[in-house]
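Novice: Each chain is listed here by its residues.
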Amino acid sequence: GAVVSQHPSWVICKSGTSVKIECRSLDFQATTMFWYRQFPKQSLMLMATSNEGSKATYEQGVEKDKFLINHASLTLSTLTVTSAHPEDSSFYICSARDPARGQETQYFGPGTRLLVL
Amino acid sequence: GENVEQHPSTLSVQEGDSAVIKCTYSDSASNYFPWYKQELGKGPQLIIDIRSNVGEKKDQRIAVTLNKTAKHFSLHITETQPEDSAVYFCAATRFNDYKLSFGAGTTVTVRA
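Protein chains in written order, with this note's numbering: chain E, 1 to 117; chain P, 1 to 112.
FYI, nobody ran anything at the bench for these hints, they're computed from the structure. Every residue, glycine too, gets a C-beta built ideally from N, C-alpha and C. Wrong hints could be hidden among the right ones.
A few chain E residues facing chain P, derived, Cβ under 10 Å [to be verified]: (1) Thr-32; (2) Phe-34; (3) Gln-103.
Sample of chain P residues facing chain E (criterion: CB under 7 Å; computed from the structure) [said to hold, decoys possible]: (4) Lys-42; (5) Pro-44; (6) Thr-93; (7) Phe-102; (8) Gly-105.
Chain E with its partners taken away, still in its complex shape (with noise of 0.2 Å):
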């Protein structure tokens, strides 16, 4: 199946700094990535979605100030978590689409967990 990274994979931070995670598509092209939360023992909760070229489009909630999205090319999305707080603490999972496997399907990273003390 079509393979997606993250990076880094786990990372700890003080309070009011920020944070960069970075998901690739290692071996196909992503028009589309997704960016997801989820809590201990939770379900995923999206986040945004991240179009190539274009501004991210927010789901409900979410503040668009404090999670910048950068979706500079196919194969690379950002997020940056800004001025984090132990709040922000979770587990960070990206998605991208390879349209070339189905036009709906989606490949998860690794995810990222980050800890704010």
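Keeping the supplied structure of chain E fixed, place chain P upon it in accordance with the hints.
Specialist: Same frame as chain E, now just chain P:
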């Protein structure tokens, strides 16, 4: 929007037995239904999917069935093995929407 309900929330089976997870969806326009397996600390892995023009799909020990009329779909795992232990999520989306609506997840434990 789409609402996906998933049952049961936990499932414990004896190795070699079958496991069945059921999901219902609310949007009759949904036409794509993937199943993901998530192991502890990892991202979800697509294990099988089905589109609304098909009633059943099988891949080795895994099968998915879809009942469009009743708006429910199910995951069947036969001959379960310890490595099948994980959290399984169902999801649904409609054509050209691409946003997945996920069920709450089922924690499957296979007892050796």
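Novice: Looking back at the hints listed earlier, which ones does the structure fail to meet?
Specialist: Violated hints: none at all, because every hint is consistent with the structure.
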